[in-house]
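A.B. asks: Chain by chain, the residues:
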Amino acid sequence: MDEPAIAFRGVTYRAQGRVLLGPLDLDVRRGETLVLLGRSGSGKTTALKLINRLLEESEGSVLVDGRPTREWDAITLRRHIGYVIQETGLFPHYTVGKNVGLVPRLLGKPEAQIRERVDAMLRLVDLDPQEFRQRYPHQLSGGQRQRVGVARALAGDPEILLMDEPFGALDPLSRVELQRQFLEIQKRVRKTTVLVTHDVGEALLLATRIALLEGGKLMGIYSRPEFFESTDATVAAYRAAWSGNLQFPGEDRHGGIS
Amino acid sequence: MVEFLRIHRVEITTLTLEHVWLVAASMGIAVLIGVPAGVLLTRKPRLREPVMGGANIIETIPSLALFGFLLPAPWLGARADRIAITALALYALLPIIRNTYVGITGVDPGVREAARGMGLTSRQMLWQVELPLSMSVILAGVRTATVLCIGIATIAAAIGAGGLGEFIFRGLAMVNDSLILAGAIPAAILALAADLGLGWLEARLRPPRA
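Chains as they are written, first to last, in numbering that gives the first Met the number 0: chain A, 0 to 257; chain B, 0 to 209.
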């Protein structure tokens, strides 16, 4: 069996004496999309930030490519990992082209190569480079901004992609569009991806496996079929919340008022 | 009045230039000290209270008294313009330090987090993200400080540092309104011009909101 791309080994994260996460043991396999699903405060974002060392674990260790993140130079580690957040964090004073080219530029790639890479990444997320390269983030729609965010995260050709509620701020239609597009992209680039969400539907759509977190503890890891079959009460509650979305309260299945 | 302007043309020009020199030199020094100090406060929050407190206290010292305090200082006290520039720079520090601090801490946390997550070093963060995004706020501080100093610089004439205050003090002594106005009007025009010019620059440097 392959060495996992990311491994949590007895990881605990504490802030002001309170345990926010852990102890957590979890492997992320190469090329899979692992979704961390949980409600606010479940520790899923904390777990994500431990991977690129935006936070540092209090106990245990997080291994990236078999090496504890503490032993990595933090800057090198982060440039090796793509990072997408909900509000995209695009630099408002940079054009789209400069935003996407940021990591290759930090890595010291030659200008011509950066330009080529920027165009390729924009095409990958379905944005015409001619049209969008020179625009500024405030001249884009929310969905376009998020696409640029994904293009930027992939521009440095990282092995690992971390996404924190990447589609959370979008309207429902753009959200579905981007989720589908992400699946397409993922089919092509096959990055090891860890995605944080509280949306069960999103988890079911995008995940290779779902890691369910509750109150800083890992409740279980489920493939899609396992998630549907599990008799665990928490999983059942998530399933109910998800399918409950498809019905209106006070209406039976046939649309009549009961 | 026109006659007065014609006679004093040369003197008005000289004193205005002196005035501009006093303010420009002190603002240069204040920016060179104030901006790095403001940046330092964002890195070492524990220094915030004492540094801001100190700058606040300086601000409360009446300007005439501050000029007086600096008179016996070695080297500085040897020339009136040195004293004036030092005092003006001290007054200019507070708005510049404060706005640098406020500007940098006000950078969108999402942008900051993304920048860190992508592996910007703390120096790259400062030059590529924090300073460009807070430039308009910092400049607003420089603008406040400049307008303030153009006013205070008129008092520098009391210790013989020159500038448009010369006319004002002379006019006061001779009870001559024309002389007072010959100092006050150019000073007011300078302040307005600085305010408009820096305001324009500030608006240009304001980052677009995403």
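Think of the hints as simulated: they come from the structure by calculation, not from any bench.
Quick reminder that beta carbons are idealized off the backbone N, C-alpha and C, glycines included.
Careful, some of the hints might be misleading.
[Said to hold, decoys possible] Reference excerpt, derived from the structure (chain A facing chain B, CB under 10 Å, subset only):
no. : residue
1   : I80
2   : L123
3   : Q133
4   : Y135
5   : A152
6   : L161
[As the list claims (entries may be wrong)] To give an idea of the interface, some chain B residues facing chain A are shown, with a C-beta separation under 8 Å as derived from the structure:
no. : residue
7   : A113
8   : G118
9   : P206
A.B. asks: Confirm or reject each hint.
C.D. replies: Hints versus structure:
Look at A:I80: its Cβ gets to within about 8 Å of chain B, closer than 10 Å, so that hint holds up. Given hint, A:L123 at the interface with chain B, is violated; its Cβ is 18 Å from that chain's nearest Cβ, farther than 10 Å. The beta carbon of A:Q133 is not positioned within 10 Å of any beta carbon in chain B (closest approach about 14 Å), and the interface hint is therefore violated. Annotation: interface hint on A:Y135 holds; nearest CB of chain B at approximately 6 Å, less than 10 Å.
Because the smallest distance between the Cβ of A:A152 and any Cβ of chain B comes to about 8 Å, under 10 Å, the interface hint for this residue holds. Because the smallest distance between the Cβ of A:L161 and any Cβ of chain B comes to about 8 Å, under 10 Å, the interface hint for this residue holds. With its C-beta approaching chain A no nearer than about 3 Å, B:A113 sits inside the 8 Å limit, and its interface hint holds. Taking 8 Å as the C-beta cut-off, the interface hint given for B:G118 holds, the closest approach to chain A being about 3 Å.
The beta carbon of B:P206 comes within 5 Å of a beta carbon in chain A, closer than 8 Å, and the hint placing it at the interface holds.
Comparing the model with each earlier hint shows violations of hints 2 and 3; every other hint is respected.
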